[in-house]
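All chains, full assembly: derive it from the sequences and hints.
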Amino acid sequence: MRSGAGLAAIAAVGAPSILHAQTKTLKITTWGGKWGDVMKATVLPAFEKEFKCTVSADQAFPFVPKLQASSKTDPIYDVLHTNSNEQWNSLSEGLVMAKITAKEVPNVADVYPYAVSDKIVGVTIFTSAIGLGYRTDKGLAKPTSWKDLADPKLAGARGGYIIPVNSLGQCHLMMLGKVYGKGLTDLDAAYKALEALKPIKLVDFTGQMEKMLLSAEVSMGVIHDSGVYRYDGPNMQPVDFASPSEGVLALEQVLNVTPGSKVKDLAFGYIDYMLRPDVQKLLAEAVWYSPANTKVKLDAKYDAKLLTTPAKVATLIQPDWKWYNARKEDIDARVTKILKG
Amino acid sequence: MSAPMSAPMSVVANKRPFDVGHAAYLALNALLLTFLLAPIAIVLVFALNPTPYISFPPVGVSLRWFEKFFAGTEFMNALWLSLWVASVVLVLSILIGGACALALARGNLPGRAFLTAFFMSPLMLPAILTGLALFQAYLLSGIGRPVWGLILAHTLVAVPYVIRTTLAVLHNFDRRIEEAAAVLGASPARVFFEVTLPLIRPGVFAGGVFAFIVSFDQFPVSLFLVVPKGETLPVVLFNYMKFDLDGAIAAASMVSILLALSVVLVLERLIGLKAYVKL
Amino acid sequence: MISGARPSPIAWLVAPAALLFVLFFVLPFGVMAMMSFYSGNPVTNPNAFATTRHYERFIFDTAGIYHEALWSTLSIGLVTTVVSLLIGYPLAHWMARMQSRLGHALVLMAVIAPMLTGIVVRTFAWMTILQDKGVINTLLIQWGLTDKPLPLMYNEFGTVVALVHIYVPFMVLTLTGVIGRIDERLEQAARSLGAGRVRAFVEVTLPLSLPGILAGSLLVFALSISAYVTPSLMGGTNVLTLPMLIAQQVGTSFNPNFAGALGVILLLVSLAIVVAYNRILARLSGEQGMA
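Chains as they are written, first to last, in numbering that gives the first Met the number 0: chain A, 0 to 340; chain B, 0 to 278; chain C, 0 to 290.
Simulated from the structure, these hints should not be mistaken for lab results.
Errors might be hidden in some of the hints.
Here are the in silico distance ranges between beta carbons for each label pair [claimed, not checked]: (1) B:Ala23 x C:Gly29: 11 to 21 Å; (2) A:Pro237 x B:Tyr24: 45 to 55 Å; (3) C:Val21 x B:Arg189: 47 to 57 Å; (4) B:Thr33 x C:Lys132: 13 to 23 Å; (5) B:Leu62 x A:Glu49: 33 to 43 Å; (6) A:Thr135 x B:Leu62: 40 to 50 Å; (7) C:Pro45 x A:Ala108: 28 to 38 Å; (8) A:Ser70 x B:Pro57: 27 to 37 Å; (9) A:Thr143 x C:Ala47: 13 to 23 Å; (10) C:Ser7 x B:Leu62: 25 to 35 Å; (11) B:Ile142 x A:Ala108: 39 to 49 Å; (12) C:Ala47 x A:Thr135: 47 to 57 Å; (13) B:Ser261 x C:Leu144: 48 to 58 Å.
Think of the CB as a built atom: it goes at the ideal place given N, C-alpha and C, for glycine as much as any other residue.
Below, the structure written as structure tokens:
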């Protein structure tokens with residue numbers, strides 16, 4: 000308990016140095032683009048002010064190799080923000096924590112079950128639905144099934160991803176197993192279906208897929224809802240998103256804490272902060288992500304399209320990344336052979 | 000058609016009627032220049048196109064992307080960082096690489112062929128490995144990721160260019176000019192500074208231009224070695240683009256082209272690609 | 000020609016470069032090469048053990064993609080080098096022989112500009128030009144020269160075009176210094192002795208510019224066999240080179256040990272090629288009796 004005089008004395012003697020010594024630094028990762036803009040302009044400064052710290056946000060993707068190379072007792076990040084598949088990779092190397100509960104992050108009590116399911120390492124703060132994007136001006140009926148991508152009329156006008164490097168492509172592969180075979184793990188059926196999808200234009204990341212859809216280079220492609228919905232209002236384009244009846248795959252934004260972090264409390268505080276309804280609303284509406292917190296109330300136009308009710312959230316399929324990552328090398332080699340030439 | 004021995008080429012050309020060969024030569028070069036410049040023209044179109052995604056044909060002309068670029072502190076900071084890192088790398092590479100080329104060409108070093116290949120090896124390795132290897136090394140030795148670490152990493156990948164271009168000029172070098180100067184009484188140092196250096200200037204300049212550009216446009220190595228708020232422009236652009244695909248990156252690209260070209264132009268005036276001595 | 004077995008004092012000029020390379024290249028890569036013989040990172044992972052399995056994985060290639068990746072790398076490198084030379088030489092010659100200072104500066108800027116565009120934006124520019132709905136195909140279809148779009152992208156053709164575009168400036172700048180050093184009057188002497196323009200070029204200028212040709216080719220070859228961003232973005236899955244594999248291993252499979260092994264293999268193959276190149280270069284310069 001300090002008295003006002005005591006505080007004044009401290010302030011007179013050496014406040015700047017004392018405050019500086021107390022200012023902790025939280026090292027996080029973040030995406031660029033619109034997300035990064037909002038984080039840097041609004042979210043992070045507010046966080047820094049409230050928690051009296053500085054946040055050092057690394058935008059230079061990829062993050063996991065850097066975390067891998069740094070020492071476990073002095074990791075280069077305190078909070079790792081990445082997709083599910085990479086969180087599982089990181090866990091297998093002991094780089095992140097296995098489970099985060101409401102004890103460390105109180106707002107976890109308010110999230111949808113998918114956000115902390117056993118398919119998740121860490122805490123999901125946002126998700127998107129991976130489905131089919133299609134052009135509305137090519138005389139195509141709105142796709143109702145994943146099988147619609149294999150329509151012979153779409154030969155050479157459909158788009159997918161280079162599977163070794165893109166998690167949407169990996170999700171798509173697993174989905175082929177479910178739709179044409181016995182389930183998400185039926186790789187034989189998936190490979191056969193992949194073969195049947197040729198000719199297909201393959202890209203590295205979703206930005207390129209967006210471009211292909213927008214320039215009509217493809218008429219239909221695998222993409223997440225955010226990548227289509229963001230072109231709304233004055234930017235409206237003849238491209239729409241369809242959620243196939245077999246279900247949509249989850250592209251989750253997951254936060255986790257490194258075990259060797261020296262500012263764990265601050266790190267958990269950050270995750271808690273990112274789950275606050277007002278912060279969730281701000282980011283969700285900026286980039287069209289579906290918030291993980293059930294208590295978030297989005298504006299009508301966002302609410303209509305994003306996954307904001309238990310019923311809509313139930314359409315999300317979460318793949319078993321632990322299973323996939325263990326086989327990734329073999330899968331990569333196999334799909335490369337199938338799709339080459 | 001023959002020409003008097005002392006007449007320069009241009010006079011000969013002027014004397015001819017319409018020169019099909021020369022016209023074909025110019026047409027070929029114009030075509031090749033078009034190949035080089037077409038994508039840049041496209042980038043300019045993107046930068047001026049008001050739509051929020053990259054499309055062709057363009058719908059109009061607008062400066063909004065340039066405004067967005069200049070208003071964004073992140074882009075501007077990255078641009079300045081890239082510029083001054085590249086400038087430092089330029090100076091370091093010319094000094095280190097030029098000296099090394101001289102040693103390789105004149106120093107009678109044992110294992111010359113191997114050494115030359117050795118100094119070229121950073122070019123043959125995917126830069127992502129170089130970046131990762133240096134990142135690991137920096138972390139292991141506790142250096143962290145300071146700016147000078149970034150600069151030296153860029154210098155490592157830039158020096159081979161200077162070595163290569165300077166060696167190319169040195170190989171085609173008539174030593175008798177130096178010998179003549181020595182015979183006329185110039186000291187070795189004077190021969191070096193007043194005869195040798197000016198003659199290898201085009202090679203060093205070409206290498207220096209490479210070094211500047213390679214550092215300015217360097218991406219994979221920087222990816223590992225930049226720190227938050229200390230990112231170079233290519234890193235910022237790449238990570239912006241993975242997420243957002245609007246004209247801002249095209250505007251950023253145009254601005255960096257213009258700036259870098261100005262630097263090269265200044266260099267050309269100062270050092271001069273054409274400034275060589277003819278006997 | 001200076002002969003003699005002992006290094007001259009000038010040899011000391013190699014010291015700064017040697018120091019830079021030892022500290023920033025040999026040591027880090029030594030660590031990486033060492034790690035390529037481990038299953039994990041021995042510093043941070045106590046369970047990592049020594050193994051040659053990464054090399055075995057490449058050599059035995061049960062996956063069937065690794066050897067092909069190496070050939071693909073070398074063949075794309077070779078094609079890119081040859082095309083860059085064919086495009087770069089005329090431009091370099093023009094630039095070197097240009098009398099006007101302004102014209103020279105303009106061409107220089109035009110040649111350098113592609114290098115400055117930036118890896119990302121440049122690729123998107125090529126996408127706009129080469130894809131099925133791109134500029135070239137749209138024009139070809141409009142003019143009735145073809146009724147189906149030509150596959151110019153997501154294959155080796157698109158990759159080579161984009162790579163050549165980046166590397167022609169390197170070729171030009173290397174060549175122009177060398178060509179500029181060739182005394183024009185040598186060509187004129189040949190002309191005055193009765194040789195046609197083409198013959199004077201082929202028998203006088205071209206041989207004298209050979210060191211530049213070899214230097215430029217070596218540079219472009221080395222660069223194109225280590226490129227991975229451009230082939231990834233331009234080639235789809237039709238193109239898989241060793242650098243692309245390495246990038247995948249580092250960035251998405253998080254296996255820096257295997258990536259390191261692939262890097263060592265690539266480096267050894269490249270060094271062998273480069274040493275052979277340099278032997279040729281030395282022999283040719285020696286034959287011409289210069290330096």
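Going down the list of hints, with the structure as the test:
1. Taken as a hint, the range 11 to 21 Å is violated for the pair Ala23 (chain B) and Gly29 (chain C), whose Cβ atoms sit roughly 53 Å apart.
2. The given range of 45 to 55 Å is respected by Pro237 (chain A) and Tyr24 (chain B), whose C-beta atoms sit roughly 48 Å from each other.
3. Our hint of 47 to 57 Å for Val21 (chain C) and Arg189 (chain B) is violated, since their Cβ atoms are close to 33 Å apart.
4. Between Thr33 (chain B) and Lys132 (chain C) the C-beta distance comes to about 21 Å, which sits within the given range of 13 to 23 Å.
5. A hinted range of 33 to 43 Å holds for the C-beta pair Leu62 (chain B) and Glu49 (chain A), which are about 38 Å apart.
6. Remark: the range hint 40 to 50 Å for Thr135 (chain A) to Leu62 (chain B) is contradicted by a beta-carbon distance near 31 Å.
7. A C-beta distance of roughly 37 Å is found between Pro45 (chain C) and Ala108 (chain A), which places it inside the suggested range of 28 to 38 Å.
8. As the Cβ distance of Ser70 (chain A) to Pro57 (chain B) is approximately 51 Å, the hint placing it in 27 to 37 Å is violated.
9. Checked against the hint of 13 to 23 Å, the C-beta distance between Thr143 (chain A) and Ala47 (chain C) comes to roughly 50 Å, which is inconsistent with it.
10. Between Ser7 (chain C) and Leu62 (chain B) the C-beta distance comes to about 59 Å, which lies outside the given range of 25 to 35 Å.
11. At about 43 Å, the beta-carbon gap between Ile142 (chain B) and Ala108 (chain A) stays in the expected band of 39 to 49 Å.
12. As the Cβ distance of Ala47 (chain C) to Thr135 (chain A) is approximately 53 Å, the hint placing it in 47 to 57 Å holds.
13. Against the hinted window of 48 to 58 Å, the Cβ-Cβ separation of Ser261 (chain B) and Leu144 (chain C) comes to about 41 Å, which falls outside the hint.
Comparing the model with each numbered hint stated earlier shows that hints 1, 3, 6, 8, 9, 10 and 13 do not hold.
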